[in-house]
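Please arrange chain U on chain W, whose structure you already have, making use of the hints.
Protein chains: 2
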Amino acid sequence: MKPKLTNPKSIQVGLLGIGTVGSGVFNVLQRNQGEILRRAGRGIEIAMVADLDTARAQAAVGKDVQVVADARAVIANPEIDVVVELIGGYGIAKQLVLEAIEAGKHVVTANKALLAVHGTEIFAAASRKGVMVAFEAAVAGGIPIIKSLREGLTANRIEWVAGIINGTTNFILSEMRDKGLDFDVVLKEAQRLGYAEADPTFDIEGVDAAHKVTLMSAIAFGIPVQFDKAYVEGITKLGAQDIKYAEQLGYRIKLLGITKKTAKGIELRVHPSLVPAKRLIANVEGAMNAVMVHGDAVGTTLYYGKGAGSEPTASAVIADLVDIARLHTSDPLHRVPHLAFQPDSMSDAPVLAMGDVVTSYYLRLNVADEAGVLAKVTGILAEAGISIDAVLQREADEVGGEGSTQTDLIILTHDCVEAKMNEAIAQMQALPTVLAPITRIRKEELN
Amino acid sequence: MKPKLTNPKSIQVGLLGIGTVGSGVFNVLQRNQGEILRRAGRGIEIAMVADLDTARAQAAVGKDVQVVADARAVIANPEIDVVVELIGGYGIAKQLVLEAIEAGKHVVTANKALLAVHGTEIFAAASRKGVMVAFEAAVAGGIPIIKSLREGLTANRIEWVAGIINGTTNFILSEMRDKGLDFDVVLKEAQRLGYAEADPTFDIEGVDAAHKVTLMSAIAFGIPVQFDKAYVEGITKLGAQDIKYAEQLGYRIKLLGITKKTAKGIELRVHPSLVPAKRLIANVEGAMNAVMVHGDAVGTTLYYGKGAGSEPTASAVIADLVDIARLHTSDPLHRVPHLAFQPDSMSDAPVLAMGDVVTSYYLRLNVADEAGVLAKVTGILAEAGISIDAVLQREADEVGGEGSTQTDLIILTHDCVEAKMNEAIAQMQALPTVLAPITRIRKEELN
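If you're matching them up, the sequences are chains W and U in order.
According to the working numbering, the first sequence is numbered sequentially starting from 21.
According to the working numbering, the second sequence is numbered sequentially starting from 21.
Among the hints, erroneous ones may be present.
One copy or two, it doesn't matter: identical chains are merged, so the pair holds either way.
[Said to hold, decoys possible] Below, in silico cross-link-like pairs of lysine to any residue (SDA-like), each with a Cα-Cα straight-line distance of 25 Å or less:
1. Lys199 <-> Pro296
2. Lys199 <-> Asn467
3. Lys199 <-> Gly270
4. Lys298 <-> Gln268
5. Lys199 <-> Lys298
6. Lys257 <-> Ala373
7. Lys264 <-> Leu455
8. Lys284 <-> Gln50
9. Lys249 <-> Lys284
10. Lys298 <-> Leu466
11. Lys298 <-> Gly329
12. Lys29 <-> Pro352
13. Lys396 <-> Ala450
14. Lys284 <-> Val137
15. Lys298 <-> Asn467
16. Lys29 <-> Pro363
17. Lys281 <-> Gln50
18. Lys298 <-> Leu213
Calculated directly from the structure, the hints in this document are not laboratory data.
So that you can see chain W by itself, here it is in the shape it has in the complex:
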């Protein structure tokens, strides 16, 4: 069966940058062109590619596609309908995206950093010119989470979103748990296997996840992108013993990007979190991603898949191209708004400072193994109005070896406001019987 063209004019696409993701886009479009044509009703063709390494680019796309070194030649080409930006970063990518919009091109990008920081400016420019800026590939790779949030759950007042949205850190945490190893050891292994970059800072410090959760907070709640207000804490200080203790208490530790609507404002935060082991998301292992969305009508939903890689990310880029193929002739007012809500209907709900966030906690205190320590510690928490959910006290011998005079005291608390917890931790830290810096990991029930 030969696919027929509903509309004989193919969408002409210009790629800016053809590395891992760009090659994936080219290869998948080639391989599945029949299938995609049968869905979209018109072809989608990569007509031009800009890359500084023209030789490598030409080798990737073959001799039938025009390759240039100058991205502006793509933007200036009147035949090009859509510009796909795969350069990354905030620098030249921002300039080129704005120029493409100014030239009346629709834009598809996988650049979460750019949109999380400069999205307000970029989406406003796109609205003025009546073009689409699509970014499914910017969050959770091939999982259609942007579409689900922006179109699939439109009936709902979204209450919270929580996701494993960085594969590198989830791989590291899975390995730490499986093998009982410390962070540094596993990071080196992850680098060797290609799961972590040579400079892994953006991943392990939580910055990449914060870019992504910033985008999700905007489309979930109809607020502007506000990366600068996100609380960001990575996984570099996690010890193997905390993963083990969490396990004993029925929890796993995951790096979550969380955004939540409360009466006081919007929570926007990335940090390691204890999650009940029985939740599906606690069982997402290796480099996989998963995002939970809780809406008032639908309840809790979850979306799982590969969050990175050449073809999973290409899957999202091409889905955006098909959307554009379907919608680009329609009235801009009838398209899906960039940030899910109409630009004139954005909310001014403030993003809360971390001190104002309410959550529950896991605390690990390395204490002297003597009478009265637990009473002092729990006294401080009681004084602060923080109630205790569970206490796990280790035998000194198990923690410090035979004859040890110190031990670990693990406390799970109920919900309290972070500022109060900060004060309580400072007071506990000042006790002479507390022998090392207190470890504090937030706990999310996600039900």
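Relative to chain W, chain U alone:
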């Protein structure tokens, strides 16, 4: 902040039937009207409701909404843009949907039975009239699985879809496993709790799941809906001991709707399946739904949430209404095709008979506890070219009590074609040492 209207004309909706789902649609639209308006750029209003029980209907929607007993009065009303069909079944619902299409109304329906059986006729009528027939609510309640398959994964050659798409049976299987109880006992409990209907046939015999997987097969592969070709097997014959043995072998038993593209044709089947316990979908408990989709570019993705209930289903109905509000002024050729592929580009790949399906198996044979039985059974399998993955032989005492002369022999096989397995089972059944009907459950690795 007061939401502003991008377009002052609200979409006028007529509901046919206002039971559980209809009330949910009305209540969620009321409660979240500000949020929905900010997203859609125009209001969505229920202007008219038809229900035979007009008094109950009027009580549900209040006095500002016109209530009639005659559904045709809604269809005839020129003010109505969209008709939402929530009557269910193949009878009058089919007639009314066709009449609404003929009257130029867009249609939203949660009626999987209707679309799985009469979808070809209904979608053809809608294409002729240039109206949309949206059915997100027909599969997996509030989970946006239709949108994900039809729009989110357009880049992919979909290879298979497998889902827990019937909450009643998943609740029953979860309870059987948790409590070690037999099917009949748990069914009664499920009926008492409202998880199963008074006449649960459609659920427990797999018919409801088959309706849903039929719809997913069409949009995944671009084939017509072909419910009559689906293989359908329910959970009524599952014993508690099979769930226990599966567990010992590292598997859970779930009722899956499966559709898969193979070189010979499309598999379309519903039956209990062993699934590795470590898969996320094996851990979907109670009345929850989850659908796995495997695409060649994106790999395996999973979508999880509530598959039924008033507001989760309403969430899907309203998402469709917002899509229609956004797209109804656009050229029909640019909309998302009803079955994901352009109507002139459907595939004629055949749906395979169950005998032609290739899968692996769990077999339980109740056998005489004497020498040579295992050799005879495995000899038959070897003769048929079916290779064995694992064997679990129980002590006779454990199975039949002290002094018992019979025992259970459990065999896991590798992949083979079902027709061959049928022959082998017939031969094994004929052995005098095989004392009871052989239990056969299919096994899916889902990786």
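Intra/inter-copy verdict for Lys257 and Ala373 if alpha-carbon distance must be at most 25 Å: within (22 Å within a copy, 57 Å between copies)
Up to 25 Å CA-CA - Gln50 versus Lys284, copy category: Result: close only across copies, 24 Å inter versus 50 Å intra.
Lys298 and Asn467: within-copy, between-copy, both or neither at 25 Å Cα: Both ways: Lys298 and Asn467 sit 11 Å apart in one copy and 21 Å across, limit 25 Å.
Intra- versus inter-copy proximity for Pro363 and Lys29 (alpha-carbon distance at most 25 Å): between (31 Å within a copy, 18 Å between copies)
Within, between, both or neither: Lys199, Gly270 at alpha-carbon 25 Å: both (18 Å within a copy, 21 Å between copies)
Intra/inter-copy verdict for Lys29 and Pro352 if alpha-carbon distance must be at most 25 Å: both (20 Å within a copy, 17 Å between copies)
25 Å Cα threshold - placement of Lys298 relative to Lys199: both (20 Å within a copy, 18 Å between copies)
Same-copy or cross-copy closeness of Lys264 to Leu455 [CA-CA at most 25 Å]: within (20 Å within a copy, 49 Å between copies)
25 Å Cα threshold - placement of Asn467 relative to Lys199: between (29 Å within a copy, 23 Å between copies)
Status of Gln268 relative to Lys298 across identical chains (alpha carbons, at most 25 Å): both (13 Å within a copy, 19 Å between copies)
Intra- versus inter-copy proximity for Gly329 and Lys298 (alpha-carbon distance at most 25 Å): between (28 Å within a copy, 23 Å between copies)
Identical-chain pair category, Lys298 with Leu213, by Cα at 25 Å: Answer is between: at 23 Å across copies they meet the 25 Å cutoff, but 29 Å inside does not.
In summary, the structure agrees with every hint in the numbered list given earlier.
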